[in-house]
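*Asks:* My request is simple: use the sequences and hints to build the entire structure.
Per my numbering, the very first residue in the sequence shown carries number 2; after that it's consecutive.
To be clear, the hints were calculated from the coordinates, so they are not data collected in a lab.
Incorrect hints may appear among the rest.
Heads up, simulated EDC-like pairs for lysine to aspartate or glutamate below, C-alpha to C-alpha not over 20 Å straight-line [what the hints assert, rightly or not]:
(1) Lys79 - Asp115
(2) Lys318 - Asp305
(3) Lys121 - Asp145
(4) Lys598 - Asp608
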Amino acid sequence: MKHLYSHLVLLSLCVAGSLLSYINTHAALFGNTPGTLQHILGGHGGWILDACWSPDSKYVITGSEDKTEIIWDAASGKRLHTLHTNYKNGINKVLWSPDGSKVSTGGDGSDIWDTQTGDKLLTIKGFVFEWSPDGKWLFIGNFDSTAYILDGNSLEIVQQLNGSAVRIILAKWSYDSQKIITHGAYDSTAVVWNAPLGTKLLTLPGINSFLMDIFWSTDGTRIMTMSDTSLVTWNALTGERISTAIVPMYSQYFSPDGTKIIYNSTVYDTQSGKIVSNLVGNSESSYSYSWSPDNRHLASSGNDNTVFLWDALAGTKLHTLQGHNSKVSIARWSPDSSRVVTGGGHNYYNPIRNDPRDFTARIWDVNTGKQIHVLMQHHNQVKNVNWSPDGSLLASCSADTTTIIWNTTTGDTVLILRGHSNRVENAYWSPSGDRILTRGGDSSSILWDAISGNQLFTLKSFSYNLSANWRPDGKQIATTNLNSTNIWDAATGIKIYTLQGHTKTVNDAVWSPDGKYIATASEDKTAILWDASSFEKLITLSTSEYSISTLIWSPDGSRIAIPTGTTKVSTEVWDVNSRTKLFTIQKNKAVWYRDGKRLIVGNFIYDGFTGVYLDSLSDNVLSDKWWSPDRMQFAVVNTSTVDDKFINITIWNATSGKKLYELYGHRDFINNLQWSPDGTRIASAGYDNTARIWLINVSTSVQEEPTPLHNSAEFSLFPNPTDNSLHLSFAAESAVSSAVQICDLLGRTVATADIPAGSKEWTMSVGNLPAGLYAVRWNGGVRKLVVQ
2 MKHLYSHLVL LSLCVAGSLL SYINTHAALF GNTPGTLQHI LGGHGGWILD
52 ACWSPDSKYV ITGSEDKTEI IWDAASGKRL HTLHTNYKNG INKVLWSPDG
102 SKVSTGGDGS DIWDTQTGDK LLTIKGFVFE WSPDGKWLFI GNFDSTAYIL
152 DGNSLEIVQQ LNGSAVRIIL AKWSYDSQKI ITHGAYDSTA VVWNAPLGTK
202 LLTLPGINSF LMDIFWSTDG TRIMTMSDTS LVTWNALTGE RISTAIVPMY
252 SQYFSPDGTK IIYNSTVYDT QSGKIVSNLV GNSESSYSYS WSPDNRHLAS
302 SGNDNTVFLW DALAGTKLHT LQGHNSKVSI ARWSPDSSRV VTGGGHNYYN
352 PIRNDPRDFT ARIWDVNTGK QIHVLMQHHN QVKNVNWSPD GSLLASCSAD
402 TTTIIWNTTT GDTVLILRGH SNRVENAYWS PSGDRILTRG GDSSSILWDA
452 ISGNQLFTLK SFSYNLSANW RPDGKQIATT NLNSTNIWDA ATGIKIYTLQ
502 GHTKTVNDAV WSPDGKYIAT ASEDKTAILW DASSFEKLIT LSTSEYSIST
552 LIWSPDGSRI AIPTGTTKVS TEVWDVNSRT KLFTIQKNKA VWYRDGKRLI
602 VGNFIYDGFT GVYLDSLSDN VLSDKWWSPD RMQFAVVNTS TVDDKFINIT
652 IWNATSGKKL YELYGHRDFI NNLQWSPDGT RIASAGYDNT ARIWLINVST
702 SVQEEPTPLH NSAEFSLFPN PTDNSLHLSF AAESAVSSAV QICDLLGRTV
752 ATADIPAGSK EWTMSVGNLP AGLYAVRWNG GVRKLVVQ
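*Replies:* So this is what it looks like as structure tokens:
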């Protein structure tokens, strides 16, 4: 039986343009160089609740309150799989099978996943799960007091453990994988079971009803139960109580071999009770401890945002790990004891008080504890997005001071460029795509190697840079600031020349397509044409009444369009060779057709040589347009709120002026759009801290206008897992008949239902749909549908 869920998902849908990648929150890795932070793994949108290393230490899985688990490559920091769930309280436990082939994750229920493919193998209504040490068995404790032993390979139920009257909350396997002890909520007993046979062996009576943990001795002859007030040792064969230690167990944790215990910064020998060491200099706020698997080291963490690494035998502090900006919630050692992963979070976030939040997991090398890289996803608005020349990479710039390079096919993070001390306004790829220039709000522009991520040099200005542009051959870079334009050698970073001629801020400097000229636009109401070889001023192209923000060269470089003004607007077109003005159009927002024969200004099409009016586009086109490379389509940002306050991007046909389809997904205003070089995708940058990549497919993306209903377009989905039906409820009775569409990721209609006039609700079957993500559309509104 497939299960249907209606909820907001990380992958947003649109009816026609499909969102391919959704770039957003993070986790981190540290490794090869001793003690250094290698990666912060980006992907989570909430606090990290648990993390676990694979048995071979090659991978890490993190579980978050954002209802996802992510499997990471611990060496590269690459995200391998994102596992989506619908558990209300997120994922608070993740656990690898001993052979590393599966991972079990839990929240309000439990899922088993294939770690190679990311496929879900099993879902069960339990929240306690434990793999046996040999991996042959998997224990599952359900909410209804039932418990099962599953075959570790087939995941089929082998035995049911009957006899518990309460929900099981704690279970631990013996080292030989033959026995398991369980404890239930508010239960005064613990039960030892023969796991393969499913039979009860003995019951330990008089247990404190709030057990915190249970430990087996390595030879299986003793069991130690730990509560908040006592520590009891039992004979595992007879059930006799051997000893009881009455101590407050606020902060005590056993070493993996059971020979040592940490209690309030003191390490004790569990056999003799003697002090082994004192952790001298431990923070008073430390309340959580984690032992290394080799029993030699400890990690302590607390409310002071730091993690301390200790020599447990000597009691000496080895390293202080700093980087989290809020409470550290977890610390987990790698199986080889060489690294530790830490997770940030805060249990009591107060948005009014603006408490810090940390959604990162970080992996540290324990030899030195030093940080090398902080590779984190954007946690502030994305200012701009720019495609590489071949379209394989995308650069997103953020107010969080970083620029991230993304793989546009997989959505994976390739590089994170950190070097600016203020927001990053824009990024500019070199024509060859092997370098990238970032322009920041810190008055500097930084050139990077786009392959390695190495910083090559900084173009430092005495004032804020407003623009930066590469010469078409990639040999020089032009940047603009207060009243001048600087020309830089792109190989050395040395300033070659400063173009001076404007009396106010220079807004833009644009190279001609052949690289022979530079045109500059200024707040002083002029545009100047310069010789790019001698840097001689050739002519002042405009003496407009308004400031000039940008310039647009024709594709052949023979003409240049100069849009001016904001209220009283115009566009002047100049012939570069004759230095004469060809014509003036009383509109701005100009763009050339690829062949240079036509010029679009505002909503109108003109002859690119004579200025004669040819045609007009739809009156509904908004002023802010981003054109496809072939000038056959353009995208418009709709700033009105639609569909639960989602921002809408509309794609238009430039020839007919008709709307093709709409893209839904951003939850706040959009800063910028950019088409891929081949015109098949659009990247968008939003105030919602995300950059998104959309598939643009004309053949499957034509959208019909919604039925003109006078009532509200509001409707709700009510999935019914029991009969594979989708129940729709409308805000008001429809005055006329209408239709509901279900569309797949490519915008293709896969199911429809005709709804008669006067309907207040409707039920339709979706039992024949393959599992996946869909968009449900009615009367211009869109809802997300997940079929599993």
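*Asks:* Checked against the structure, which of the hints given earlier come out wrong?
*Replies:* 3
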